[in-house]
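Hey, can you piece these two chains together into the complex? The hints should help.
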Amino acid sequence: MKGQGRGLQAYALLYLLFLYAPIILLPLFAFNSGTIIAFPLQGFTTDWFSQMWANATLRTALTNSLIIAVSAAILATCLGIFAARASTRFEFPGKGGMMGFILLPMVLPEIIVAMSLLVVLLGAGVQLSILTVIVGHVLICMPYAIAILTTAFSSLDKSLEEAAYDLGETRWSAFRLVTLPLVMPGIISSLLISFTISLDEFIIAFFLAGNQPTLPTYIFSQLRFPKQIPMIMALGTVLVALSIVLLALGEYFRRRGNARMGGNPTGGFL
Amino acid sequence: MSETRFDRLDAAKPMIECRGVHKHYGDYHALRGIDLTIRAGEFFSLLGPSGCGKTTLLRTIAGFEDISDGVILIDQKHMEEVPANKRPTNMVFQSYAIFPHLTVAQNVAFGLRRDPRGKAEKAALVEEALAMVGLRGFGNRAAHALSGGQRQRVALARALILKPKVLLLDEPLSALDRKMREQMQVELIKLQRQVGITFVLVTHDQEEALVMSDRIAVMFEGEIAQLDGPEALYARPANRRVADFIGVMNFLPARILAEAEGTVTVEAPGLGVVDLPARQVSRANPDDEGPSIGFRPETMTLVGANQTHSQPRETSATIDEVVYYGDMTYYDLRLDGAAAIDGRARPVRISMRNVFGRDVQEVGTRTRLAWSPGSLVLFR
Chain S
880 MKGQGRGLQA YALLYLLFLY APIILLPLFA FNSGTIIAFP LQGFTTDWFS
930 QMWANATLRT ALTNSLIIAV SAAILATCLG IFAARASTRF EFPGKGGMMG
980 FILLPMVLPE IIVAMSLLVV LLGAGVQLSI LTVIVGHVLI CMPYAIAILT
1030 TAFSSLDKSL EEAAYDLGET RWSAFRLVTL PLVMPGIISS LLISFTISLD
1080 EFIIAFFLAG NQPTLPTYIF SQLRFPKQIP MIMALGTVLV ALSIVLLALG
1130 EYFRRRGNAR MGGNPTGGFL
Chain F
-6 MSETRFDRLD AAKPMIECRG VHKHYGDYHA LRGIDLTIRA GEFFSLLGPS
44 GCGKTTLLRT IAGFEDISDG VILIDQKHME EVPANKRPTN MVFQSYAIFP
94 HLTVAQNVAF GLRRDPRGKA EKAALVEEAL AMVGLRGFGN RAAHALSGGQ
144 RQRVALARAL ILKPKVLLLD EPLSALDRKM REQMQVELIK LQRQVGITFV
194 LVTHDQEEAL VMSDRIAVMF EGEIAQLDGP EALYARPANR RVADFIGVMN
244 FLPARILAEA EGTVTVEAPG LGVVDLPARQ VSRANPDDEG PSIGFRPETM
294 TLVGANQTHS QPRETSATID EVVYYGDMTY YDLRLDGAAA IDGRARPVRI
344 SMRNVFGRDV QEVGTRTRLA WSPGSLVLFR
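Taken in sequence, the protein lines are chains S and F.
Residue numbering for the first sequence follows the working numbering, starting at 880 and increasing by one per position.
Residue numbering for the second sequence follows the working numbering, starting at -6 and increasing by one per position.
Extracted from the complex, chain F is given alone in its bound form (with noise of 0.2 Å):
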C-alpha cells in the first residue's frame, strides 16, 4: 500500500505546540486551557462561531497576544520571548493589510527589507512569489486598484516571500463573493501543497474548513470541542453541540432500553428500536432534556410507490416541506410515530440529488423512507 499524505502527515514532527494556554481579558476567559499539536505540513483549521477564540489563539501563535497561562512551542522553540517580529509565522489579515500607499510590488517586498540581499535578486523573489498566486505582471500596479481576490493573493505572496515555517490566515476568504471563495479555497489548497508551509486558517464556515483542512480544531466558549479529519467530525461528531455546528443533522429524543457490551439498544419514535455500537455514541449537551438521536439529511433515501432498495432499515412518513435548490431537494418530513415519545412531531430533514428519471415529490405525499441504523448518532 502506498504511502498517503495522512501517512506522512501523521509522521511528521509537530510545528505549532499549546499547552495548558489560557488567556485572559480582564474578567473575560477567552482560552481556556488550549492543548494542541498542529504537525508540520499539515492544512489545519480553527473552527467555531464568533467568539469562541478562534482568532484569540491564532494571534497567541502569531505573538499579537501574550498568553496568560500555558506554553506555545513554534518548531520545538518556547514562544514566550520571542516578540511577533521574530516569530517563524507570518499572517494573512482578514482585511488583508495590503499598504494603500505601495505598489503590489513595494507590498510584497515589504518583508525583505530588513533582507542582506541585493535589489535584483529582492526582484526576482517579488516576481517569483507574485507568479505563484497567478498575479504575474501586477508588480507596478497600485495596491488600492486591486479587487478583493487580488488583495488577498497579494496578502499570500506577501506573507510566504519571507518562506515563514507557518502561514496564519484569520479568516482569508470572508470577504469574497461566494464563485471567487470557492476558487480561492481550491487554489489555497494547492498553494499549501506546493510550499509545503504549515497553514493554520482560522474560520466560523464550516464548509469551508472542511474543504480545505487535514484536520479541524472545533472551539467553543475558548475550548476545543473536537479535534478530528473532516471526515470524523462529519460523521461522528464528538458531541451533540459539534454536530449541530458543523452541517446539518436532525435531532430526535430517544429512550435507552437497554445496554450490554458497549452496545446500546435505542428506541427513536417513528425509526424504531435500533441497536448502535458504542462508536456510534457521542456526549449530549448538559441542558439536552434526555438523550436525542441524529442523523445528516443524506443518509435517508426517499422511495418511490414501486421502487426497491436495498437498506435495512425502511420507515413510513408524510411530506410537509418541498424546498428545491436545483442540485439538491430538500425534503421535511413527518416520521410516522414521530410524537410517540412526548407528543411533539418534529419534522424531520431529508435531502436528495436530482438525478435524471428521479421526479421531485409533491407536499402532501405519503411516502417510505430507507435508512440503515450505522448512520445514526445517539447523543447521551
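This is chain S alone, in the form it adopts within the complex (with noise of 0.2 Å):
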C-alpha cells in the first residue's frame, strides 16, 4: 500500500515538473546574460527587459494585443450574457440546435474558421486590421463565455427576477439590480478566459491581422532570429507573471461574490 503510494506520488511530481519546467526556464534564461539559451548560466542581467521595452514594434504588437483582448472579451461576454440569458430562461424553436451551433467553434479547427473567415472577408472587400481580428476572436471565445455564463444563469432561481418585477421594478431594473449582481462572478469569469484566448491566439490573428503585427505574431515572427531570442524570453516571463496576477484577481472576485452570497457557486470557471 505504502509503495503504491510512493509511487503515485513521484509519479504526480514528474507530470507537474513536465508541465511547468519550460515555464520555470522562461525567466531563468530572460535574467541570463548570455545570448545562447543553454546551460551553464551566464551572469545576472536586466538588459533583455530595457531591450524589449525599447522596442517599438513590440509595442505596437502589445498595444494591438491588448485592444484587441478586451474589445474580443468584452463583445463576446455581452453577446454571450444574452445567449445564456435566452437559452436558460425561455423556451423557442429550434433551440437546442441553435447553441449547439454557436458552441461549435469550440471543438472546429481554428485554421478552418480562420481560412474561411480569410476568404469571407476578402471576398466581401473587408480591409484586414485588428477589426477583423476582433471579428474573429470574438467568434472563438463566444463558446467559452456562453459555457461559463450558462453555468451561472442556469444556477440562479428563475422567480428572482419575477420577485423584483413583482415588487414594482420594471424589467430591465430587475435584471439589473437582482441577476446581474448575482451571476457577476460569471461575468468575470468570461471576460478573463476570454481576455485570456484572445491574447495568445495566433492563427485567426496570423490571417486576419493584415500588416498589425499582435503579440503571438509578433514573437512567433522573432524566432527567426536567434539574438532576439532573450528577450522573448523576457517577454513570457512578463507574461507569465500577469496571467497569474490575472487569474488571482479573478479567483479573488469569485471567491467574494461567493461568500456574499452564502457560498452558492455561479459558474465559478478559475
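Examples of chain F residues lying across from chain S (beta carbon under 7 Å, computed): (1) N78; (2) M84; (3) F86; (4) S88.
Think about it this way: if two alpha-carbon atoms lie no more than 35 Å apart in a straight line, the pair counts; the simulated DSBU-like pairs of lysine-lysine are: (5) F:K70 with S:K1037; (6) F:K112 with S:K1037; (7) F:K79 with S:K1037; (8) S:K974 with F:K79; (9) F:K158 with S:K1037; (10) F:K158 with F:K115; (11) S:K1037 with F:K183; (12) F:K172 with S:K1037; (13) F:K158 with F:K112; (14) S:K1037 with F:K156.
Selected chain S positions facing chain F (Cβ under 10 Å, derived; list incomplete): (15) L1039; (16) E1040; (17) E1041; (18) Y1044; (19) A1053.
Keep in mind the hints are simulated off the structure, nothing from the lab.
Here the structure is a predicted model, which means the values were calculated and not measured.
All C-beta atoms, glycine included, are put in the ideal place defined by N, C-alpha and C.
In C-alpha cells form, the structure reads like this:
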C-alpha cells in the first residue's frame, strides 16, 4: 500500500515537472546574460527587459493585442450574456440546435475558421486590420463565454427576477438589480477566459491582421532570429507573471462574490 | 346573533373576479374556463394535484402569464393591460426568491425603491414589517444566512410592506418541515386577520387548505371542480374525485333501489338499505363502474363487546389490520356481507381516537360498527 502511494506521488511530481519546467526556464533565461539559450547560466542581467521595453514594434504588437483582447472579451461576454439568458430562461423553437451551432467553434479546427473568415472578408472587400481580428476572436471566445455564463444563469432561481418585477421594478431594472450582481462572478470569469484566449491566439491573428502585428505573431516572427530569443524569454516572463496576477484577481472576486451569497457558486471557471 | 367572520365576508365586495379565463400553452389547455369571485379580506385557496392549473391561475392573477381568453378584474378594474409590476398584487414565491446578495432589510425595502418617502420613514416601515413577521432586529443579517422559516417570513414582509390589495402565495409552506409548516399555518392565519388583505394561496396539500382557508376552490385539469368552505368541502364533496382528493374516504359499490321526492333508496354491501336525501347525493366519476357509497373513517365507531351506543345503525365486521398512530388508531375492517354486490370484499378504514380507557383492538377480532346514514354520501 505504502509503496504504491509513493509511486503515485512520484508520478504526480513528474507530471507537474513536465507541465511547469518549461515555464520555469523562462525567467531563468530572461535574466541570464548569455545570448544562447543553454546551460550553464552566465550571469544576471536585466538587459533583455530594457531591450524589450525599447522595442517599438513590440510595443505596437502589445497595444494591438491588448485592444483586441479587451474588445473581444467584452463583446464575447456581452453577446454571451444574451445567449445564456435566452437559453436558460426561455423556450423557443430550434433552441437546442441554435445553442449547439453557437458552441461549435469550440471544437472546430481554428485554421478552418480563420481560413473561411479570411475568404469571406476578402470577398466582401473588408480591409484586414485589428478590427477583423476582433471579429474572429469574438467568434472563438463566444463558446467559452456562453458555457461559463450558462452555468451562472442556470444556477439562478428564475423567480428572483420575477420577484423584483412583482415588487414594482421594470424588466430591465429587475435584471440590473438582481440578476446582474448574482451572475457577476460568471461575467468576470467569462471576461478573463475570453481575454486570455484572445491574447495568445495565433492562427486567426496571423490570417486576419493584415500587416498589423499582435503579440503572438510578433513573437513567432522573432523566433527566426536567435539574437532576439532572450528578449522573447523576457517577454514570456512578463506574460506569465501577468497571467498569474489576472488569475489570482479573478479567483479573489469569485470567492468574494460566493462568500457574499453564502457559498453558492454561480459558474466559477477558474 | 352577532355578526361572524363569514357573514362579513359574504357581504364583502369582490376583490378578484375571473370570468371565462382560458390559458393555452401551444396545444396544452391549462385553464379551461375559470369563473371565480374572491371576496375582499378572504383567505382563499386554490387546491389541486400538480398540473391542475392552480399555479397557472395564480400567475395569471399576478400578471406573469397572459390569458388566452376571458377577463380578470382586481378591485373592479380590468387587468388586461396592466403588467405585473403595476398590479395591486404581490407574491410570495415557492422558493421565496429572497435576493441572496442583499441583507434582510434591503430585501424587505426592495419594493420601496420607487417610493418617494424619505430614508428614515422607509427604515421605520421596514422595521414595522419585520416586527409583523416576528423578525425584529434581523435587518442587518445576510439573507443567505437565514433558515427556511426565516426566509419565508422575509418574503412575507417584503410583499406586505407594499400594502397590496391581494397577497398571492405559491405553495409557500411546501419547503418547510412538518413542525415548521404547522406553526407557519397558524401564523399566516393570524397575519391575514391582522392585515385584512385578501390572501390567495396555492397548495396541493388538502390539510393545509382546510386549516387555513375561508373558502377553497378544488381544481382538476384546468377546471374548478368545487368551490366551498372547508367543512362543506369535506362533508359534502361535489363529486367522487373531490371526495378522493380531500382527506380519506371509503367507497363501497352501491345499488340504487328506488327514488322518490328527492330521496334515493340505496343498498350497499355490509351496510344494508338506506334512504339518502338529495343533499347526500353527489356525482360519480365518468369512469366509475356504477354508483358508490362513501363515508369518512371517523364517521363510524368501533363498539366493544359489552358497550352500548346511540347510533341508529350497526354492522358486524372483522378486523383485518390495525395501524397505531399514537393519538389515533386506524382499523381496516371487512364488513359482513361486503362481497354481496360483485363478489369482491373491499376493506374499509375506520379511525378511532385513542382516549383513556379504550383498548386498541386486535387483528382478527369480531367487532361491531356503529354508524348513521347521515354520514353517508352517494356518488352516482
